[in-house]
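Protein chains in written order, with my numbering: chain Z, 1 to 315; chain L, 316 to 840.
Certain hints may be false.
Computed beta-carbon distance windows for the label pairs [unchecked claim]:
| hint | chain 1 | residue 1 | chain 2 | residue 2 | range |
| --- | --- | --- | --- | --- | --- |
| 1 | L | E502 | Z | Y4 | 48 to 56 Å |
| 2 | Z | T175 | L | T696 | 47 to 55 Å |
| 3 | Z | V135 | L | G684 | 34 to 42 Å |
| 4 | L | T475 | Z | D89 | 39 to 47 Å |
| 5 | L | V797 | Z | S141 | 54 to 62 Å |
| 6 | Z | W177 | L | G684 | 32 to 40 Å |
Residues from chain Z that keep clear of chain L, each with C-beta distances beyond 12 Å, as calculated [to be verified]:
| hint | residue |
| --- | --- |
| 7 | R8 |
| 8 | I13 |
| 9 | I19 |
| 10 | A37 |
| 11 | S204 |
| 12 | R216 |
| 13 | A218 |
| 14 | D303 |
| 15 | A305 |
| 16 | S307 |
Keeping only pairs whose Cα atoms sit at most 25 Å apart, straight-line, the calculated DMTMM-like set for lysine to aspartate or glutamate is [to be verified]:
| hint | chain 1 | residue 1 | chain 2 | residue 2 |
| --- | --- | --- | --- | --- |
| 17 | Z | K7 | Z | E225 |
| 18 | Z | K130 | Z | E208 |
| 19 | L | K730 | Z | E46 |
| 20 | L | K730 | L | D708 |
| 21 | Z | K59 | L | D448 |
| 22 | Z | K59 | Z | D76 |
| 23 | Z | K59 | L | D442 |
| 24 | L | K730 | L | E715 |
| 25 | Z | K59 | Z | E46 |
| 26 | L | K730 | L | E676 |
| 27 | Z | K59 | L | D443 |
| 28 | L | K730 | L | E604 |
For the record, the hints were derived by calculation from the structure and aren't laboratory data. A virtual CB, placed ideally from N, CA and C, is assigned to each residue, including glycine.
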Amino acid sequence: MTGYILKRLLSAIPVLIGISVIVFLIMAMIPGDPATAILGSYATPENVAALNEDLGLDKPLVQRYFIWLGNMLQGDFGRSFALNRPVLDEVMERFNATLVLAGTAFVLCSVFGIAAGVISAANQYGLADKAITFVVLLGISIPSFFLGMMMILTFAVNLRWFPVSGMWPIFGDRTIWVLIDHLAMPATALAVVATGVVARLSRSAMLEVLRQDFIRTARAKGVHERRVIWGHALRAAMVSIIPVLGIQAGFVLSGAVYIEIVFQWPGVGRMLVDAILRRDILLVQGGVVFVAACYVMFNIIVDVAQSLLDPRIKT
Amino acid sequence: MKLLSLTRRSLLAATAATALALGGFTAADAQTPPGVLVVGQIAEPQALDPHAVTAVNDFRILMNVYDGLVRYASGTLEVEPALATSWEISDDGTVYTFTLREGVSFHDGSPFNAEAVVFNFERMLNDDHPYHDTGPFPLSFFFSSVQSVEALDEMTVQFTLDAPYAPFLSNLAYPTGLIVSPAAVMEHGADFGRNPSGTGPFVFGEWRSNEAVVVTANADYWDGAPALEAVVFRPITDANTRTAEMLAGGIDVMVEVPPVALSEFQGDGFTVHEQAGPHVWFLILNALEGPFADVRVRQAANYAINKEAIVNDVLEGTADVAAGPTPPAFAWAYNDELEPYPYDPDRARALLAEAGVENPEITFYVTEGGSGMLDPVAMGTAIQADLEAVGFDVTIETYEWNTFLGQVNPGLEGKADMAEMAWMTNDPDTLPYLALRTAAWPQEGGFNSGYYSNPEVDALLEEARTATDQDRRAELYRQMQVIVQEDAPWVFVANWVQNAVTNDRVENFQLEPSFFLLLDEVVKN
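Bound conformation, chain Z alone:
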């Protein structure tokens, strides 16, 4: 097991280096530069050149890449031009917020998605299956940012059940309850599409398992139907559901960008969008590498979990 984990960790290194090269090149090649973004209408070629020199952007591309990479390996992600603070401070702070949002959405989509898929499969072509399929397809088809705006209009502006936006209230204590209050709408909006996908794929995974011999044996032995479905069948189906969850984790992480903008969630997605618009090169680069590293780590965890469930996979 240790060898397998070590192997997976080592294989992550070239992936991360590749990502760092790509994000660096993209930021270097897109038109517009931080000096133009900072100076706005006052960006004369002369002012831009002077400011770029102040920002250290006048050095050759290759040299800049290696300076950045070298600093990053020592834990120094540089300073954000636009926010005037260390990139790592900003990224960590924002990543926590995203983790809360995406993590909740991930739990929601896993629990409800798998439950819906199992119920559908257990009642194939029955009323529950049809109802769930209808709701699931509806959920998959609604763009999350639109759903988010409609939720704000209905539940925050008209009914006033939830706050419109933000992660914490401006006034008052920061308790878990007010966090849940702020989290309810964005996490739901973010989870809807992923829940649908998980439900669809759980359903087919379960259907496949339910046709297998060991299920028939279990039923013949007189095992309670509830245990057959939720115990025997689901455990076997998890082997194919878990990779789907891994992919959905990436999906909620990237989908968080829209949701964070609509709900003004102070997360890393919104940070990256702002940073790109401001051409805040180091913040974009540092943020992307950090998020990518987390995603790679998550995938390794998923693979390890899968191999624990089904030892045949560890090859």
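Starting from the known structure of chain Z, fit chain L onto it as the hints suggest.
Relative to the frame of chain Z, chain L by itself:
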């Protein structure tokens, strides 16, 4: 079947539990406390160091935390004393001597004096200053004419300019001229922007990244303590979400209300404030080459575009039709006799025929959005339709703002015939001097991206910049406006009327023509 019924029951239970939980949360109302004003801002500030930032969004906070030597008198763009109580200008217009206000302290307790003023300008302008590396200071060229700053005594400071420069006082009233605490800069270095200290009516409290900047009342403010206890600036970048927060009561003041959302605030409970400011939205025409090299074609474009329809229908009345290059907000320098080009398609066609180009092909640069650009895509499309109606063949190319600036600022030569642009300035000198003179062509480092050139205008602008008598300056600017309107280097489209909405708990709120947000008089019940 058994399984289903069980699940149904548990589902019901789950729903009931959720509903109960929701009931528990509704107690948390969006109501904000009295005495605390919550302002919905359009973005997170970059820094609270007035010398390091360029965005109006940041200025809205800074103007409440810092003071300058001078400031704009309420409701005008004319300069009055602030941290300086009086000043003298030498006859040749190159030496300014300020007498400073006694007994003023920075929020960190350090005293405000001549040495502090010297520190501020040295930090910005002198590369060898020990704290110059706390920059960069992108707008320091506002003071590039300053040759030296000296403390003559404890409370007297003298600026020597390398040449007479009439906008100097006005630039001192701009946020780039605000005075920061030297002690705080020394203490925090590059992090000063997150630990600001000034002399203004509000003291910096805390900055919660992407949530809020909180400032509290300065009870010892030299101009009288503010009526509010505190102000909370909340960054809400999405305009729809900002509108929703205003409707739900999560914020008390909303700036830059999108035109389409204005109708939401017509009822009781809200007040919409409007104020024209020093802003002009125009189309740069490439006078160097192509169809717009002919003045008649440039005038034809001015006649062809229905500016009334743009400001009323596209912008929903959030702008006025512009007559010339200088916005009317500069009341003292504005030429009242100037009438906007009327909407006259027949006249436009006749001018095109006269110029011998019935169907000129033009490339039109449009941006997706940017500082002061209002609704550039919708406006660009309306303009395209108007121009095509009189015979132009218009191809639009759309760019994201930074890319757009990278295309337009180096000049339109060889690329495009027309480009959208907007400027907000603090002095009638700035825009024409940077964007209409022959010596401001892009290759000279200016913003005259359409290569307009008229020696008469050049001479008027040079003289207006060095004249120290304001009446004389006004006269020169008025002459310049007449000539520029006739030469039509731009299509003059709109002057933005800035708006804000307050709820009925807010009193004494007023927008300023400078586009700054001054909150020391505001009351919140």
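Going through the hints against the structure:
1. L:E502 x Z:Y4: 48 to 56 Å: holds, 52 Å
2. Z:T175 x L:T696: 47 to 55 Å: holds, 49 Å
3. Z:V135 x L:G684: 34 to 42 Å: holds, 37 Å
4. L:T475 x Z:D89: 39 to 47 Å: holds, 42 Å
5. L:V797 x Z:S141: 54 to 62 Å: holds, 60 Å
6. Z:W177 x L:G684: 32 to 40 Å: holds, 38 Å
7. R8: holds, 34 Å
8. I13: Nearest chain L Cβ is 31 Å from Z:I13, so the label holds.
9. I19: holds, 23 Å
10. A37: The claim breaks: Z:A37 does not keep its Cβ more than 12 Å from every Cβ of chain L (closest is about 5 Å).
11. S204: The claim holds: Z:S204 sits with its nearest Cβ about 19 Å from chain L, beyond 12 Å.
12. R216: At about 17 Å from chain L, Z:R216 clears the 12 Å cut-off, so the statement holds.
13. A218: Label holds. Min Cβ-Cβ 15 Å, cutoff 12 Å.
14. D303: The claim stands: Z:D303 keeps its Cβ more than 12 Å from every Cβ of chain L (closest is about 32 Å).
15. A305: Fine: 26 Å to the nearest Cβ keeps Z:A305 off the interface.
16. S307: holds, 31 Å
17. Z:K7 x Z:E225: Violated. Z:K7 to Z:E225 sits at ~41 Å, over the 25 Å cutoff.
18. Z:K130 x Z:E208: holds, 18 Å
19. L:K730 x Z:E46: holds, 21 Å
20. L:K730 x L:D708: holds, 16 Å
21. Z:K59 x L:D448: Distance of about 19 Å is within 25 Å: holds.
22. Z:K59 x Z:D76: holds, 19 Å
23. Z:K59 x L:D442: Holds - the C-alpha atoms of L:D442 and Z:K59 are around 20 Å apart, at most 25 Å.
24. L:K730 x L:E715: It holds: about 17 Å lies between the C-alpha atoms, which stays within 25 Å.
25. Z:K59 x Z:E46: holds, 17 Å
26. L:K730 x L:E676: Distance ~13 Å between L:K730 and L:E676 Cα, so the pair holds.
27. Z:K59 x L:D443: holds, 22 Å
28. L:K730 x L:E604: Holds. L:K730 to L:E604 sits at ~10 Å (cutoff 25 Å).
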